[in-house]
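Asks: Starting from the known structure of chain L, arrange chain H on it as the hints suggest.
There are 2 protein chains.
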Amino acid sequence: MAIDSKREHQEIAQNEKRTMKEHIHPVFDRMISRPEREQRLNQRSKVLWFTGLSGSGKSTIAIGLEKKLFESGYFCQILDGDNIRSGINNNLGFTHEDRIENIRRIAEVSKLYIHSGIIAICSFISPTIAIRKMAKEIIGEEDFLEVFVNTPLALCEKRDVKGLYKKARAGEIKNFTGIDAPYEPPIDPQIEIHTENKTIQACVDQAYDAIIENIQI
Amino acid sequence: MAIDSKREHQEIAQNEKRTMKEHIHPVFDRMISRPEREQRLNQRSKVLWFTGLSGSGKSTIAIGLEKKLFESGYFCQILDGDNIRSGINNNLGFTHEDRIENIRRIAEVSKLYIHSGIIAICSFISPTIAIRKMAKEIIGEEDFLEVFVNTPLALCEKRDVKGLYKKARAGEIKNFTGIDAPYEPPIDPQIEIHTENKTIQACVDQAYDAIIENIQI
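The listed protein sequences correspond, in order, to chains L and H. Just so we're aligned, residue 1168 is where the first sequence starts under my numbering, counting upward by one. Just so we're aligned, residue 1168 is where the second sequence starts under my numbering, counting upward by one.
For the record, the hints were derived by calculation from the structure and aren't laboratory data. Honestly, I wouldn't trust all of these hints.
Remember, identical chains collapse to one label, so a pair may be satisfied in a single copy or spanning two.
[Unchecked claim] Here are the simulated lysine to any residue pairs, SDA-like style, with alpha carbons at most 20 Å apart:
| hint | residue 1 | residue 2 |
| --- | --- | --- |
| 1 | Lys1235 | Pro1202 |
| 2 | Lys1234 | Ile1199 |
| 3 | Lys1234 | Glu1203 |
| 4 | Lys1235 | His1282 |
| 5 | Lys1235 | Glu1203 |
| 6 | Lys1300 | Ile1267 |
| 7 | Lys1303 | Ser1253 |
| 8 | Lys1235 | Glu1205 |
| 9 | Lys1234 | Asn1209 |
| 10 | Lys1303 | Ala1377 |
| 11 | Lys1334 | Ile1346 |
| 12 | Lys1234 | Pro1202 |
Small disclaimer: the values here were computed from a predicted structure and weren't measured.
With the rest of the complex left out, here is chain L (with noise of 0.2 Å):
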């Protein structure tokens, strides 16, 4: 295959710099910007990075606040493990590399988003300081707002819609995050959403009037 070599890109990049002092038609020299795209699409983009529990709730608040933000004329794309490991993701597996690796080309992609204007939606139980950690740093920290969904995990096992806790607790399912594998609550969220004894709708809200003046342009 061709020489798309990283050798390659930096002179490319050095070359673009000479370009856009040399060239008649500076029109041809630069991609869309993301203040443009921004603007196009009048509002600022950023990560909603999503974590909790196994059946906290993250998905389906998720999913409420993407159709809440559509339907306020806001453009999000909730990346979760739906479209992510059945896609880009599909060659990982669950080793503790795979686990790094899958939530480093989540990152990777949410940024790839948030440059082209769109507000990404990330939806994955990250149950450790330093995978969301390694997350934001990718990201941004300016563009990274981490939601804690903070459901007791006895709810958790007590909804278990999925019936995964009752497999963990049998054993049938090794390092399941809060039974055999530690769930580290973020330790100063921009927002924390307790949803028991809570509808979904005001937990949806919640996060709608936490996030709204970030990405107001």
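Replies: Structure of chain H alone, referenced to chain L:
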């Protein structure tokens, strides 16, 4: 880390099917769909896959096309070496396997974009029929438009804006497409742009005119 395993996702999928019927508030059951997004952006999303030799003009035409589409009200995103190799694919080298994985991930990211309703403009040498076939299969035949930027090798080498052909001829770069690695032209591309003796604008206009009916709603 968490148990977001394939098994879990199969169960999620099954569960969602159940929930769609049983849920009292189906409003929370699904993400915003591709058609809803396309409607919002007033376009149909496609992947425009630019292929051609190094120095053929792929990225120059892609950037001009993005600009023209953006000014005409369309919303696109260019994916090229600059934003892919430095981000999601920054852990890939240039072995045969890594080059395939490079294109696979690009195709998967493009697929995410078109499901977001956005037109993806991919600019990669992607020199073999097999590797473009893989991209097309991932993206889906109906969403994959192949754009062959056809510039004679002699002209690419004469331009040699990056100085890479000179290095390849000197043996300083190995496996350089067109020199000591093959380039297999598309057999039946959606668009073929002959850049020789044409202005950049004429090439951009040709691409625009050829794809516009594919993206109009």
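Asks: Now tell me, hint by hint, if it's right for this structure.
Replies: So, going through the hints one by one against the coordinates:
Proximity of Lys1235 and Pro1202 under a CA criterion of 20 Å is satisfied inter-copy only: 17 Å between copies versus 23 Å inside one chain copy. Proximity of Lys1234 and Ile1199 under a CA criterion of 20 Å is satisfied inter-copy only: 7 Å between copies versus 27 Å inside one chain copy. In this assembly of identical chains, the alpha carbons of Lys1234 and Glu1203 lie at most 20 Å apart only when taken from different copies (11 Å versus 24 Å within one copy). Taking the shortest Cα distances, Lys1235 and His1282 sit within 20 Å of each other only across copies (19 Å), while inside one copy they are farther apart (22 Å).
Taking the shortest alpha-carbon separations for Lys1235 and Glu1203, only the inter-copy value of 14 Å comes in at or below 20 Å, while the best intra-copy value is 24 Å. In the homo-oligomer, the alpha carbons of Lys1300 and Ile1267 lie at most 20 Å apart inside one protomer (11 Å), although the nearest pairing across protomers, at 30 Å, exceeds that limit. Within a single copy, Lys1303 and Ser1253 get their C-alpha atoms only as close as 23 Å, which misses the 20 Å cut-off; across copies the closest is 17 Å, which meets it. For a Cα distance limit of 20 Å, the shortest separation of Lys1235 from Glu1205 qualifies both inside one copy, at 19 Å, and across copies, at 18 Å.
Taking the shortest alpha-carbon separations for Lys1234 and Asn1209, both the intra-copy value of 17 Å and the inter-copy value of 18 Å come in at or below 20 Å. In this homomeric assembly, Lys1303 and Ala1377 come within 20 Å of each other (Cα to Cα) only inside a single copy, at 19 Å, whereas the closest approach across copies is 41 Å. In this assembly of identical chains, the alpha carbons of Lys1334 and Ile1346 lie at most 20 Å apart only when taken from the same copy (10 Å versus 57 Å across copies). Taking identical chains as interchangeable, the C-alpha atoms of Lys1234 and Pro1202 lie at most 20 Å apart only when they sit on different chains, with a minimum of 14 Å there against 24 Å within one chain.
Figure legend: structure checked against the earlier numbered hints; every hint is met.
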